[in-house]
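Read off the chains here:
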Amino acid sequence: MKDHDNAAYPEPPRKTPVVDKQTSVPNPAVILTNLFYYSVDVPVSKFKGVLDSIRSNNKSVYYHQKFRRIPELTDCENGDYLCYYEAEMQWRRDYKVDQEIVKIVQERMKACYQREGSSYKQNCVKEIEQFEETSNNFQLRYGDLGAYASGRKCLMKQKERMMADQAQTS
Amino acid sequence: MVGMSVLRSAAAFAARLSPLKSGNNAAQLLSRIIPRTDKVAVRFGGGHGKQMFVVKSTNFYDRRFLRLLRFYILLTGIPMAIIITGVNVFIGQAEQVETPEGYEPEHWEYYKHPITRWMTRTLFDSPVKDYEKMMAAIHNEKEKSDMRLTQLEVSRQMRMKGDGPWFQSKTPNKDLIHYGHKSTPDN
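These protein sequence lines are chains A and B, in that order. Counting in our numbering, the first sequence runs from 1 upward without gaps. Counting in our numbering, the second sequence runs from 1001 upward without gaps.
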């Protein structure tokens, strides 16, 4: 009874040992899993099967929208408000995409933690490192911009960061 | 015995006075049952005792409020619930596929749920059109702002140089000046 197999979060191969029962006492874990299977899993799957057969002739699809890249705020002439608007819209889309990226990395780390149990500090190092890196970069770039964040404010923040770096190195 | 004779005479007297009253029949006079006041005849006694008039504050207004609340919520709630359940059961959600080559999907084909798709198809403008509307508004404002700036610059120049049509004040005609009183000096 395998749950859905998501290729984005591949589970590590199961390391359950071969069952070598030496007593005749029934295993309560097996009893409980079977109970759960027959009382919850089977009815739910049957219901889903029924609904799928009802819906099979009305199948529709949806696509992922891809936007063209537009010259950014730094490539706009002064006073060209149309260019400003397009750059601002592109910055907002990128902001949303970056938020979702951080969420996905965070989910990977949480899944890894859930899988490993008490040995997460040892086995989840890569996921934790990736999450720390992405969240740090996100904070640096979009961190304290606030609710009225815009492309201009982000650009100014970048300028401040570059100035701080320059002041530090020189 | 004497009392009994007094009673009998009183009964006979009462019968003579009001013969039509049902209890005054001679045969029934002294054999009437004496009313006993310690036991009362209770109707609908059942097993739970006498019905009491309980004095409590009214809950008519509370119950009316809850009745009306339920009515007005369910008035649109039930059709909405039926429609949404029907859509989810009979028209399922869409599945995501790769965009085929050279095909540009309509703007409603980017959404998953059938009700969202219907709304963006029939009620709302496509995001492309909204974008273009916003760009048109920005372009209008930009043109207005540019015109106002040029007007300021032009008026500044005209005021400075004085050779333009603005900032000219009307002076009277040269021919109207009367030089007569100046033709003879030392007037």
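If you are wondering where the hints come from, they were derived from the structure by calculation, not from laboratory data. Careful: at least some of the hints might be erroneous.
[Stated by the list, open to error] The list that follows gives simulated cross-link-like pairs (lysine-lysine, DSS-like), each with its CA atoms no further than 25 angstroms apart:
hint : chain 1 : residue 1 : chain 2 : residue 2
1    : A       : Lys-153   : B       : Lys-1174
2    : B       : Lys-1112  : A       : Lys-66
3    : A       : Lys-96    : B       : Lys-1133
4    : A       : Lys-66    : B       : Lys-1133
5    : B       : Lys-1112  : A       : Lys-46
6    : A       : Lys-66    : B       : Lys-1142
7    : B       : Lys-1112  : A       : Lys-103
8    : B       : Lys-1142  : A       : Lys-96
9    : A       : Lys-48    : A       : Lys-103
10   : A       : Lys-59    : B       : Lys-1112
11   : B       : Lys-1161  : A       : Lys-96
12   : A       : Lys-48    : B       : Lys-1129
[As the list claims (entries may be wrong)] Per label pair, the in silico range of CB-to-CB distance:
hint : chain 1 : residue 1 : chain 2 : residue 2 : range
13   : A       : Lys-48    : B       : Val-1128  : 54 to 62 angstroms
14   : A       : Arg-69    : B       : Pro-1100  : 16 to 24 angstroms
15   : A       : Asp-41    : B       : Tyr-1131  : 27 to 35 angstroms
16   : B       : Asn-1088  : A       : Arg-141   : 54 to 62 angstroms
17   : B       : Tyr-1131  : A       : Val-61    : 23 to 31 angstroms
18   : B       : Lys-1112  : A       : Glu-116   : 46 to 54 angstroms
19   : A       : Leu-140   : B       : Glu-1153  : 15 to 23 angstroms
20   : A       : Gly-79    : B       : Tyr-1131  : 56 to 64 angstroms
21   : B       : Val-1128  : A       : Leu-140   : 32 to 40 angstroms
22   : A       : Gln-122   : B       : Leu-1066  : 57 to 65 angstroms
23   : B       : Val-1089  : A       : Gln-65    : 24 to 32 angstroms
Where is the CB? At the ideal position from N, CA and C, for every residue including glycine.
Each hint, compared with the structure:
1. A/Lys-153 x B/Lys-1174: 64 angstroms, violated
2. B/Lys-1112 x A/Lys-66: 16 angstroms, holds
3. A/Lys-96 x B/Lys-1133: Within the cut-off at roughly 23 angstroms; holds.
4. A/Lys-66 x B/Lys-1133: 21 angstroms, holds
5. B/Lys-1112 x A/Lys-46: 24 angstroms, holds
6. A/Lys-66 x B/Lys-1142: 29 angstroms, violated
7. B/Lys-1112 x A/Lys-103: 21 angstroms, holds
8. B/Lys-1142 x A/Lys-96: Given pair B/Lys-1142, A/Lys-96 is violated - Cα atoms ~29 angstroms apart, limit 25 angstroms.
9. A/Lys-48 x A/Lys-103: The given pair, whose Cα atoms are some 29 angstroms apart, is violated under the 25 angstroms limit.
10. A/Lys-59 x B/Lys-1112: 11 angstroms, holds
11. B/Lys-1161 x A/Lys-96: With Cα atoms ~55 angstroms apart, B/Lys-1161 and A/Lys-96 exceed 25 angstroms; violated.
12. A/Lys-48 x B/Lys-1129: 39 angstroms, violated
13. A/Lys-48 x B/Val-1128: 54 to 62 angstroms: Between A/Lys-48 and B/Val-1128, where Cβ atoms are some 37 angstroms apart, the hint is violated.
14. A/Arg-69 x B/Pro-1100: 16 to 24 angstroms: Distance hint for A/Arg-69, B/Pro-1100 holds at roughly 22 angstroms.
15. A/Asp-41 x B/Tyr-1131: 27 to 35 angstroms: 47 angstroms, violated
16. B/Asn-1088 x A/Arg-141: 54 to 62 angstroms: Roughly 40 angstroms apart at Cβ, these two residues miss the hinted range, so it is violated.
17. B/Tyr-1131 x A/Val-61: 23 to 31 angstroms: Given a distance of about 24 angstroms, which is inside 23 to 31 angstroms, the answer is holds.
18. B/Lys-1112 x A/Glu-116: 46 to 54 angstroms: 33 angstroms, violated
19. A/Leu-140 x B/Glu-1153: 15 to 23 angstroms: 43 angstroms, violated
20. A/Gly-79 x B/Tyr-1131: 56 to 64 angstroms: 21 angstroms, violated
21. B/Val-1128 x A/Leu-140: 32 to 40 angstroms: This hint holds: roughly 34 angstroms between Cβ atoms.
22. A/Gln-122 x B/Leu-1066: 57 to 65 angstroms: 59 angstroms, holds
23. B/Val-1089 x A/Gln-65: 24 to 32 angstroms: Given a distance of about 28 angstroms, which is inside 24 to 32 angstroms, the answer is holds.
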